[in-house]
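Protein chains: 2
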Amino acid sequence: MHYVVIMAGGSGTRLWPLSRQGRPKQLLEIFEGRSLLRMAYERLAGVVPAANILVCTGRAYAEDVARQLPELGSGNILGEPEGRDSLNAVAWSAAEIARRDPDAVVAMVTADQVITPVDEFQGALRTAFEVAETVPGALVTLGVVPTSPHVGYGYLHRAEEIAGFPGVHRVAEFKEKPTLEVAEEYLASGRYWWNAGMFVWRAETLLSQLDQLLPDTAATVREIAAHPERLDDLFPTLRRISVDYAVMEPASVGATDAQVISVPLAVDWKDVGGFLSLAELLSTDEHGNAVDGRHVALDSSGCVVVNSMGPDHLVATMGLSDCLVVATPSATLVARLADAERVKELVSLVRTHVGAEFA
Amino acid sequence: MHYVVIMAGGSGTRLWPLSRQGRPKQLLEIFEGRSLLRMAYERLAGVVPAANILVCTGRAYAEDVARQLPELGSGNILGEPEGRDSLNAVAWSAAEIARRDPDAVVAMVTADQVITPVDEFQGALRTAFEVAETVPGALVTLGVVPTSPHVGYGYLHRAEEIAGFPGVHRVAEFKEKPTLEVAEEYLASGRYWWNAGMFVWRAETLLSQLDQLLPDTAATVREIAAHPERLDDLFPTLRRISVDYAVMEPASVGATDAQVISVPLAVDWKDVGGFLSLAELLSTDEHGNAVDGRHVALDSSGCVVVNSMGPDHLVATMGLSDCLVVATPSATLVARLADAERVKELVSLVRTHVGAEFA
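Protein chains in written order, with this note's numbering: chain A, 1 to 359; chain B, 1 to 359.
Think of the hints as simulated: they come from the structure by calculation, not from any bench.
Errors might be hidden in some of the hints.
Unchecked claim - Residues of chain A clear of chain B, computed beta-carbon distances all greater than 10 Å: (1) Gly46; (2) Val47; (3) Val48; (4) Val145; (5) His150; (6) Pro166; (7) Arg170; (8) Ala188; (9) Asp232; (10) Gly302.
Said to hold, decoys possible - One-sided excerpt, in silico: chain B residues whose CB lies under 8 Å from chain A: (11) Val296; (12) Leu298; (13) Leu333; (14) Ala338.
What the hints assert, rightly or not - Here chain B is said to cover these stretches of chain A; the calculated rule only asks that three of the stretch's residues, wherever they fall, bring their Cβ under 8 Å from a Cβ of chain B: (15) 291-301; (16) 313-319; (17) 330-341; (18) 347-358.
Note that the Cβ used here is the ideal one computed from N, Cα and C, for glycine as well.
Please model the complete structure; the sequences and the hints are all you need to start from.
Here is the structure:
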């Protein structure tokens with residue numbers, strides 16, 4: 001059977017005050033009331049049965065996840081007692097699903113993006129399931145076909161095509177985030193894809209990789225799957241590491257018996273990191289203001305306005321250019337757009353000077 | 001007996017969204033929870049008995065006034081059914097107080113300013129009461145001794161000193177708001193004072209002036225005082241005119257048997273018109289941001305921040321200079337300070353494009 005786990009961990013500091021106390025950005029209902037998590041869920045319609053969709057998130061957010069995805073089975077929220085990087089979300093998910101279904105093929109998908117068209121995404125995901133099911137020892141990663149020399153992503157250096165799967169390639173190497181010059185070379189060569197952080201594998205394949213690379217982790221997640229009551233004791237003992245460092249990179253260079261394969265994903269890939277990338281997803285008024293929620297402008301242009309106070313609150317701007325305005329019930333942020341990436345710094349100032357309850 | 005009427009009418013469009021639907025700015029609790037009305041009331045302590053203080057305001061605001069001034073006698077709020085300019089507030093107050101006390105001497109004071117030191121104000125008010133009581137037919141107006149060539153005020157051109165009252169002068173002429181050049185001449189001459197819009201007179205003196213100048217108004221306000229149940233019928237029939245045009249200017253040029261006298265007021269006179277003047281009254285942080293309410297700044301300077309959302313809401317600014325941020329439960333305004341005086345224009349845009357309920 002095919003399963004999908006939506007990863008909705010991490011924190012949303014860069015979107016403060018939309019996010020508070022590290023609430024994951026995937027749960028923020030900022031797109032006319034819909035969250036990235038909800039969009040990621042709806043993106044899976046028809047690819048796997050609804051009962052086979054799980055969400056891995058922080059336990060503190062399980063209630064929010066259940067509210068946003070009422071269709072989700074109650075056992076299908078994996079609530080981590082604490083965040084311990086991506087490997088452990090992936091490993092625990094694999095162990096839990098393998099316990100339910102030893103032949104399971106599992107896709108681990110992110111919910112940090114707006115992806116269009118959905119058809120294209122679903123096609124790639126179906127191909128990835130097929131590769132993972134067919135090719136022995138396959139660790140499949142989705143590779144976004146680059147549309148720009150982006151320096152904010154890692155890259156996959158693709159090698160030869162996989163027999164029987166036109167366009168699907170073995171991954172020769174994982175590349176760290178490049179300089180602009182290098183990114184331009186990657187783009188021109190046509191041999192590099194963005195590392196999307198989405199994976200498909202047989203649950204048992206992933207677990208056997210862990211047996212070889214991180215046997216402690218493998219044993220611990222199997223123990224948690226078998227004895228869920230031990231989750232709180234065991235989860236915090238897991239080594240904090242990313243799945244790329246722990247598994248994908250070693251496997252790509254032949255350190256194990258697996259092979260890393262990438263399925264191309266030719267979509268419009270909009271990552272919602274900070275407010276600048278969020279702004280690209282909002283609708284724009286005639287003066288180039290990207291707006292979500294109720295807003296009126298008098299001679300304002302090039303601003304990003306996010307009004308999350310609901311329909312009874314109006315944000316009005318006058319004579320403003322290239323500014324960011326974010327209004328939420330607990331805090332209002334006004335900044336130069338040029339400073340939008342400094343939100344983390346501001347949040348730390350808020351924490352020390354005003355109080356952690358506002359951060 | 002001495003009486004004081006605090007005038008708290010007018011609208012506060014220029015302070016939107018602090019004020020909404022024309023709520024008078026005097027009632028806005030923007031100075032750490034205190035309103036200009038409350039400050040005006042406290043400024044009178046010891047000058048007249050508390051029972052002799054009245055407030056003239058729009059009827060719609062009577063409840064707010066009573067809440068802000070719980071010491072006020074219940075019959076001491078004069079609620080106008082509609083605003084009909086300053087003469088009618090003044091005339092109705094005189095008629096009502098004359099009915100209670102035919103020998104009453106009445107001071108009409110404004111609540112649009114922050115005035116320091118209070119001692120100086122009280123001294124001038126006491127002198128004004130004495131002049132009004134002693135000099136037959138005296139219409140006393142307070143004249144603020146100018147500290148700058150302000151072009152936003154009318155000026156009083158003083159004539160000879162009044163015998164027995166050193167420093168107190170007859171007013172030769174009322175001058176409209178001058179050009180800067182003219183205002184500089186006024187300031188240099190030392191013979192012009194700002195028209196403060198505060199008056200002291202015997203109630204019967206004012207009413208007898210009205211008998212001569214606007215007999216219909218005189219008759220109507222006497223009728224209202226005698227038959228308060230006719231207020232709603234009669235008040236709207238009063239001619240809409242300012243007390244300066246109707247009484248003070250004609251009397252100053254000898255059109256009646258009164259004499260217009262000005263008592264100097266040597267105070268720091270801060271008029272709260274729009275946000276720029278409001279800003280001068282707020283405390284300033286080390287980066288020159290004028291702030292009321294909870295605010296944290298990262299590299300912001302020269303801003304005006306008014307957070308009226310209460311202590312559970314934080315306004316954070318980052319990299320912002322010379323901007324205005326006003327956060328209220330119903331609306332948030334963000335503007336260039338250079339545009340702060342365009343708030344009326346914005347409010348009219350809000351009314352037509354968003355809805356009157358937000359204006």
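We went through each hint and held it up to the structure:
Chain B leaves glycine 46 (chain A) outside its interface by the beta-carbon criterion, the shortest separation being 41 Å against a cut-off of 10 Å. The claim that valine 47 (chain A) lies off the interface holds: its Cβ sits roughly 41 Å from the closest Cβ of chain B, which is beyond the 10 Å cut-off. A cut-off of 10 Å between C-beta atoms confirms that valine 48 (chain A) is not in contact with chain B; the least separation is 42 Å. Distance to chain B confirms valine 145 (chain A) as a non-interface residue, since its nearest Cβ pair spans about 36 Å, more than 10 Å.
With a least CB separation of 25 Å from chain B, histidine 150 (chain A) remains clear of the 10 Å interface cut-off, as annotated. With 10 Å as the threshold on Cβ separation, the claim that proline 166 (chain A) sits away from chain B holds: the shortest Cβ distance comes to roughly 50 Å. Against chain B, the non-interface label of arginine 170 (chain A) holds: every CB pair exceeds 10 Å, the least being about 46 Å. Remark: the non-interface label on alanine 188 (chain A) is consistent with the geometry, its nearest Cβ contact in chain B lying 36 Å away (cut-off 10 Å).
Interface exclusion of aspartate 232 (chain A) from chain B stands, the closest Cβ pair being 33 Å apart, more than 10 Å. At roughly 13 Å from the closest C-beta of chain B, the C-beta of glycine 302 (chain A) stays outside 10 Å, upholding its exclusion from the interface. Given the 8 Å rule on beta carbons, the hint for valine 296 (chain B) holds: about 5 Å separates it from the nearest Cβ of chain A. Because the closest C-beta pair between leucine 298 (chain B) and chain A is about 5 Å apart, less than 8 Å, the hint holds.
Interface restraint check for leucine 333 (chain B): the shortest CB-CB distance to chain A comes to about 5 Å, inside 8 Å, so the restraint holds. Look at alanine 338 (chain B): its Cβ gets to within about 7 Å of chain A, closer than 8 Å, so that hint holds up. Evaluation of the coverage hint for the region 291-301 of chain A: fulfilled, as 4 residues show C-beta separations to chain B shorter than 8 Å, against a requirement of three. Restraint check on the region 313-319 of chain A versus chain B: 7 residues with Cβ-Cβ distances below 8 Å, three needed, restraint holds.
With 9 residues having a Cβ less than 8 Å from any Cβ of chain B, the region 330-341 of chain A passes the three-residue criterion, so the hint holds. Judged by the Cβ-Cβ criterion of 8 Å, the region 347-358 of chain A is covered by chain B as claimed, because 5 of its residues qualify and three suffice.
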